[in-house]
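We have chain A already, so just place chain B with the ligands on it with the hints.
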Amino acid sequence: MSDKRRIGVYVCHCGGNISDYVDVEQVRDAVKDDQDVIISKNVMFACSDATQQEIIEDIEREKLDGLVVASCSPTLHLQTFKAVAQRANLNPYQYTQVNLREQCSWTHRNNMESATEKGIKLVRAGIARTRLTEPLTNIRIETKPRTLVIGAGVAGLRAALALADLGLAVFVVEKESEVGGWTKKWGKMFPNNRLGNDTIEYLLEQVKQRENITLFTDAELIEKGGNVGDFSIKIRVKEGETVSLDVGAIIVATGFDSYEPFDGEYGYGLNGVVTLPQFKEMVDKSNGSLNFNDHQVKNIAYIYCVGSRQPEDGEIENPNLYCSRYCCSAAVHTASCVADIDPNINQYHLYRDMRTYGKYEVMFENAGKKKSLFIRFDDESSPEVEVSNGALIVKVNDALDGGEEIEIGADLIVLVTGMVPRENESLTNVLKIPIGLDGFYNEIHPKLRPVETVVDGVFISGTSQGPKTLAESVTSSLSAVSKSAALLMKGYVDLEPFIAEVDTDKCVWCGECEKSCPYGAIEKVVCDTKEVATIIPALCKGGGVCIPDCPEDAIEIKGYTDQQIRSMIDALAKEVA
Amino acid sequence: MAKQLIFTPNRCVDCKNCEMACSFVHTRDFTKLAMPRVQAFTFKEDIKAVSVCQQCEDAPCQKVCPTGALVRNPATGAIERTDSCILCKSCTLACPYGNIHFDPVYDEIVKCDFCGGDPACAKVCPTRALVWAEEPAPDIKQDAEIERVFTEEEARYSANRCLDCADCSECGECVKACPADAIHFDMQPEEIKIEANSVIVSTGFKLFDAHLKTNYGYGKYPNVVTAMQMDRLVSPTKPYNRTMRPSDGKAPDNIAFVLCTGSRDCTIGNPLCSRVCCMYSIKQAQLLMGSLPLADITIYYIDIRAFGKGYEEFYQQAKEMGVYFVKGRVAKIEPVEDGNLSVFYEDIDGGSGQQQMEHDLVVLSIGLLPNMDALNLFKNGDRLEADAYSYVKEINEDIEPTRTSIDGVFVAGTTSAARDIPDSILHAGAAAAQAAGYIHQLKASR
Ligand SMILES: Cc1cc2nc3c(=O)[nH]c(=O)nc-3n(C[C@H](O)[C@H](O)[C@H](O)COP(=O)(O)OP(=O)(O)OC[C@H]3O[C@@H](n4cnc5c(N)ncnc54)[C@H](O)[C@@H]3O)c2cc1C
Ligand SMILES: Cc1cc2nc3c(=O)[nH]c(=O)nc-3n(C[C@H](O)[C@H](O)[C@H](O)COP(=O)(O)OP(=O)(O)OC[C@H]3O[C@@H](n4cnc5c(N)ncnc54)[C@H](O)[C@@H]3O)c2cc1C
Ligand code: SF4
Ligand code: SF4
Numbered sequence: 002m003s004d005k006r007r008i009g010v011y012v013c014h015c016g017g018n019i020s021d022y023v024d025v026e027q028v029r030d031a032v033k034d035d036q037d038v039i040i041s042k043n044v045m046f047a048c049s050d051a052t053q054q055e056i057i058e059d060i061e062r063e064k065l066d067g068l069v070v071a072s073c074s075p076t077l078h079l080q081t082f083k084a085v086a087q088r089a090n091l092n093p094y095q096y097t098q099v100n101l102r103e104q105c106s107w108t109h110r111n112n113m114e115s116a117t118e119k120g121i122k123l124v125r126a127g128i129a130r131t132r133l134t135e136p137l138t139n140i141r142i143e144t145k146p147r148t149l150v151i152g153a154g155v156a157g158l159r160a161a162l163a164l165a166d167l168g169l170a171v172f173v174v175e176k177e178s179e180v181g182g183w184t185k186k187w188g189k190m191f192p193n194n195r196l197g198n199d200t201i202e203y204l205l206e207q208v209k210q211r212e213n214i215t216l217f218t219d220a221e222l223i224e225k226g227g228n229v230g231d232f233s234i235k236i237r238v239k240e241g242e243t244v245s246l247d248v249g250a251i252i253v254a255t256g257f258d259s260y261e262p263f264d265g266e267y268g269y270g271l272n273g274v275v276t277l278p279q280f281k282e283m284v285d286k287s288n289g290s291l292n293f294n295d296h297q298v299k300n301i302a303y304i305y306c307v308g309s310r311q312p313e314d315g316e317i318e319n320p321n322l323y324c325s326r327y328c329c330s331a332a333v334h335t336a337s338c339v340a341d342i343d344p345n346i347n348q349y350h351l352y353r354d355m356r357t358y359g360k361y362e363v364m365f366e367n368a369g370k371k372k373s374l375f376i377r378f379d380d381e382s383s384p385e386v387e388v389s390n391g392a393l394i395v396k397v398n399d400a401l402d403g404g405e406e407i408e409i410g411a412d413l414i415v416l417v418t419g420m421v422p423r424e425n426e427s428l429t430n431v432l433k434i435p436i437g438l439d440g441f442y443n444e445i446h447p448k449l450r451p452v453e454t455v456v457d458g459v460f461i462s463g464t465s466q467g468p469k470t471l472a473e474s475v476t477s478s479l480s481a482v483s484k485s486a487a488l489l490m491k492g493y494v495d496l497e498p499f500i501a502e503v504d505t506d507k508c509v510w511c512g513e514c515e516k517s518c519p520y521g522a523i524e525k526v527v528c529d530t531k532e533v534a535t536i537i538p539a540l541c542k543g544g545g546v547c548i549p550d551c552p553e554d555a556i557e558i559k560g561y562t563d564q565q566i567r568s569m570i571d572a573l574a575k576e577v578a
Numbered sequence: 025m026a027k028q029l030i031f032t033p034n035r036c037v038d039c040k041n042c043e044m045a046c047s048f049v050h051t052r053d054f055t056k057l058a059m060p061r062v063q064a065f066t067f068k069e070d071i072k073a074v075s076v077c078q079q080c081e082d083a084p085c086q087k088v089c090p091t092g093a094l095v096r097n098p099a100t101g102a103i104e105r106t107d108s109c110i111l112c113k114s115c116t117l118a119c120p121y122g123n124i125h126f127d128p129v130y131d132e133i134v135k136c137d138f139c140g141g142d143p144a145c146a147k148v149c150p151t152r153a154l155v156w157a158e159e160p161a162p163d164i165k166q167d168a169e170i171e172r173v174f175t176e177e178e179a180r181y182s183a184n185r186c187l188d189c190a191d192c193s194e195c196g197e198c199v200k201a202c203p204a205d206a207i208h209f210d211m212q213p214e215e216i217k218i219e220a221n222s223v224i225v226s227t228g229f230k231l232f233d234a235h236l237k238t239n240y241g242y243g244k245y246p247n248v249v250t251a252m253q254m255d256r257l258v259s260p261t262k263p264y265n266r267t268m269r270p271s272d273g274k275a276p277d278n279i280a281f282v283l284c285t286g287s288r289d290c291t292i293g294n295p296l297c298s299r300v301c302c303m304y305s306i307k308q309a310q311l312l313m314g315s316l317p318l319a320d321i322t323i324y325y326i327d328i329r330a331f332g333k334g335y336e337e338f339y340q341q342a343k344e345m346g347v348y349f350v351k352g353r354v355a356k357i358e359p360v361e362d363g364n365l366s367v368f369y370e371d372i373d374g375g376s377g378q379q380q381m382e383h384d385l386v387v388l389s390i391g392l393l394p395n396m397d398a399l400n401l402f403k404n405g406d407r408l409e410a411d412a413y414s415y416v417k418e419i420n421e422d423i424e425p426t427r428t429s430i431d432g433v434f435v436a437g438t439t440s441a442a443r444d445i446p447d448s449i450l451h452a453g454a455a456a457a458q459a460a461g462y463i464h465q466l467k468a469s470r
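Chains as they are written, first to last, in the numbering used here: chain A, 2 to 578; chain B, 25 to 470.
Think of the hints as simulated: they come from the structure by calculation, not from any bench.
Heads up, some of the hints might be wrong.
Below, a list of computed lysine-lysine pairs in the DSSO-like style, where the Cα atoms sit at most 27 Å apart [stated by the list, open to error]:
1. A:Lys189 to B:Lys417
2. A:Lys42 to B:Lys200
3. B:Lys417 to A:Lys448
4. A:Lys145 to B:Lys467
5. A:Lys491 to B:Lys262
6. B:Lys417 to A:Lys185
7. A:Lys122 to A:Lys448
8. A:Lys448 to B:Lys230
9. A:Lys370 to B:Lys417
10. A:Lys448 to B:Lys467
11. B:Lys262 to A:Lys448
Partial list, computed: chain B residues near chain A (C-beta under 8 Å) [claimed, not checked]:
12. Ala330
13. Ile423
14. Leu450
Pulled a few chain B residues facing chain A out of the computed Cβ check, cut under 10 Å [what the hints assert, rightly or not]:
15. Cys198
16. Cys202
17. Ser287
18. Ile326
19. Ile328
20. Tyr335
21. Ile372
22. Arg443
23. Asp447
24. Ala455
25. Tyr462
Since the model is a prediction, treat every value here as computed from it, not as a measurement.
Every residue gets a Cβ at the ideal spot worked out from N, C-alpha and C, and that includes glycine.
So here's chain A without its partners, still in its complex pose (with noise of 0.2 Å):
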């Protein structure tokens, strides 16, 4: 704290939503006389063009090493006053935000004399941590303008197709050794009747005519390190071989699976009882008409939400509490085709609320003209299934009529099975990234940044993030594309500063901040025959787990050191004069 700091400080009215509750005057004046502080003056709008010009100016003429603005959230305008100083040529990391906004005139409404004194208090800690800065770079890296693409499904396909057209080399890592996935088992699908096969091979046809992607069938992802634009990866590819890439970024494409019921579960393993997958391969299959044990089928029963949207009563173990989303419109399209083969077969449809969304309305009103029957069950009355004289009946309750129970007798019944995530634990441990409540990989935000995960340059699509249909799955694909493409294409990435930092002196190298990092940022090294812990810059988050769990003490935050935050704790402990 010797070193003399010259500090520019802003109270900021905004517009009477600070000034009306907070004496932003007595603040300013509080402070004029602080230690370091130059220049303090009261603004309307600090974000106003005028007086970020005014504040470049001062900084320049005063030759101001350090920027304060009390204002509002730095979740609004803390960019835009790094940008100020970046603007004055002063170091954006020496510039602290003050929130005397949200977390000040607007909590505190009824008492100005106390408001003004928290508000003093808090610019006071944002001087102190202000007085304490040093000038800090982004880390810079380059980025590989390669990607690796898992999954080789409709989803991860197309992905690659689309990066190679940007120009960009892409390797896919499929782990059967067929690519194509779901998709390319069905027959006609919704809503185009084209051939699921057909799209695979079309696709794969179009993947074969590009040389900038590189396809490994019966392959594996087993390894990541290094950091966003600039990963290095291991594949095990057939015969245990192994195969190492550098590649900028990734996008995981692993798909579902398919629910597969418990035994019992409606009269699962029963014959004559199926899921919606095998039920349409059958179809997919017929011609002329549908036989089932070698007899012609007259008459189906759908039962809707198998898997999906079951209760939280306890009788389930960690039930899929989610709307597997394809399966209402994958069923009602499946009974149609059904219709189109014999039209004479009578299908009864068990559902609790038909979600044939959108556009897809058109196949469930298509199906009602086509002998199909819909019976809605309430969600605490679900069908049962039984064996009669050799005969499968379903019994419901329907609630279209007053909840009586009609029997539905069956040559099959289909389960309407849903989407559940794929096994994936060593893929997922490999990427570490997060899966949500209902197992499927989880985006950062649903609107806002819907492919990316918390590790930064690896992206999720299709049926992997959450079940999707077809034109979907290949929508969500397109938009990691478009992410990992304005990432590479760019040619590198900046990262914020703010990571940990090993005093190597103090350091033991105990292993101790290593098991704490989520996010594998920390690594042992050997400097001057010493091991110590070192930080890798682009995988460090500055989460400052590590910092509690270091026995020596030895870690701090870039920007936000000890000795910082203790200046800023005793700043806002300091009495008020």
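For chain B with the ligands alone, kept in the frame of chain A given last:
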């Protein structure tokens, strides 16, 4: 000897008890917003005063009223506003004391009516600055003798001439006051030519016009509102900072949502489901439960389409919070007493046929329709191909989503189908990838 409101200035302490009592008696509400008929204030720092209607003998308000809506009550001597008021507001301008007001919250003219002969303000005045006491009755003219300044027609004409100068009269003071120099009065429309290799059309959707569903009475009954209006009433920056129903500003306590208004309905020509209305209604229901914890909320639905990530969980949460979900298509809505509404619905689950339920506010969860302007955006004869429902067609939606019938033109969001925000964002991301790929290929082929 009729009683009068007599005010003694040097006793008044500007405590505003009179205002609050007045508000409460007239509107059952204590907030200032209820526009008291009596106003206490302080001027020149130390002069405390109360301003209340003088019930003038030769009242300018009465004179100016074109419909004779201001009528003196012979029992109390107060001039009262009656139902024939057409809200022309002439009286508010005519009153020399500013004692008659237009209340924007309740949408009516308010003035002192002596509370029917027992003024609440005088009763609560702690310093006896306002008292209700006898004085020689003034010589009250009969209403019939009042000569009118305006005919009704003239008054309506005058009211319509109003330029809303309270909003902006272009005086230019704001230009001087704005420190950021953000206000310009001399801006002119400009045409800018941009050459682009690719275009993304993201012109969005149109809302269903609730008037078209005539049996729901939107536009006829003030307490039938659309969800678009409700979104405003539940937003953090809602007007007057509270949720109220339009007819009388009362906080509603029994609210109904009518799902699928203008969707899944061939009678108005839209067979499609709008995808977003189930969820936004549930969102609004949850927000209402927060702002009006005692209100009953009923959602009339055909199917609850909670299909997105986390949506089913959100739906179940609303049920647990106590939102009633009733499966039934609403046939018609009719007015009953006090601005309340009777909702007639087909009780699908109960199986008991036509049912009827009373609510004090009904929200129509209106659907999304295509914005057909998008089809004709391109001038040189290139019309974007439409799908069967007049949305911009994605010519190969499965593997080339966002691509349209015109090379290099892509769509994003609700331009090609109803979508909620997460789906619109993903779609926009895909459009960006498609446009970038298209441009990259175009440049490579040159
Ligand atoms: C019965 C049924 C009927 C359907 N009908 C339709 C329809 O008519 N219309 C429609 O639009 N949609 C339909 N769908 C949905 C459609 O199948 C999916 O939207 C689509 O398959 C999702 O594609 P994806 O690429 O996300 O996932 P997937 O198809 O699951 O592909 C994922 C790929 O990743 C691979 N993979 C997984 N883990 C790894 C790993 N660790 N390493 C490497 N590779 C891995 C898998 O082997 C697979 O090849 C239907 C679904 C079902 C179940
Ligand atoms: C009452 C209501 C509540 C909702 N609540 C939610 C919710 O809680 N969560 C959710 O996810 N979704 C919600 N939605 C859905 C959400 O509004 C849409 O998903 C979203 O607005 C779609 O975005 P968009 O960009 O496609 O279209 P729009 O929002 O319609 O945007 C289109 C834009 O294009 C402009 N435009 C139109 N024509 C032209 C032209 N010729 N030239 C230039 N510009 C033009 C328009 O002015 C507009 O700004 C709600 C919808 C409604 C009606
Ligand atoms: S899409 Fe339909 S069948 Fe599937 S879980 Fe949702 S409601 Fe049930
Ligand atoms: S989203 Fe819900 S309310 Fe809207 S049209 Fe579809 S089913 Fe009706």
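Here is what the structure says about each hint:
no. : hint                 : result
1   : A:Lys189 to B:Lys417 : 21 Å, holds
2   : A:Lys42 to B:Lys200  : 21 Å, holds
3   : B:Lys417 to A:Lys448 : 24 Å, holds
4   : A:Lys145 to B:Lys467 : 22 Å, holds
5   : A:Lys491 to B:Lys262 : 42 Å, violated
6   : B:Lys417 to A:Lys185 : 26 Å, holds
7   : A:Lys122 to A:Lys448 : 37 Å, violated
8   : A:Lys448 to B:Lys230 : 21 Å, holds
9   : A:Lys370 to B:Lys417 : 26 Å, holds
10  : A:Lys448 to B:Lys467 : 32 Å, violated
11  : B:Lys262 to A:Lys448 : 23 Å, holds
12  : Ala330               : 6 Å, holds
13  : Ile423               : 6 Å, holds
14  : Leu450               : 5 Å, holds
15  : Cys198               : 12 Å, violated
16  : Cys202               : 8 Å, holds
17  : Ser287               : 8 Å, holds
18  : Ile326               : 8 Å, holds
19  : Ile328               : 5 Å, holds
20  : Tyr335               : 7 Å, holds
21  : Ile372               : 6 Å, holds
22  : Arg443               : 8 Å, holds
23  : Asp447               : 8 Å, holds
24  : Ala455               : 8 Å, holds
25  : Tyr462               : 9 Å, holds
Comparing the model with each earlier hint shows violations of hints 5, 7, 10 and 15; every other hint is respected.
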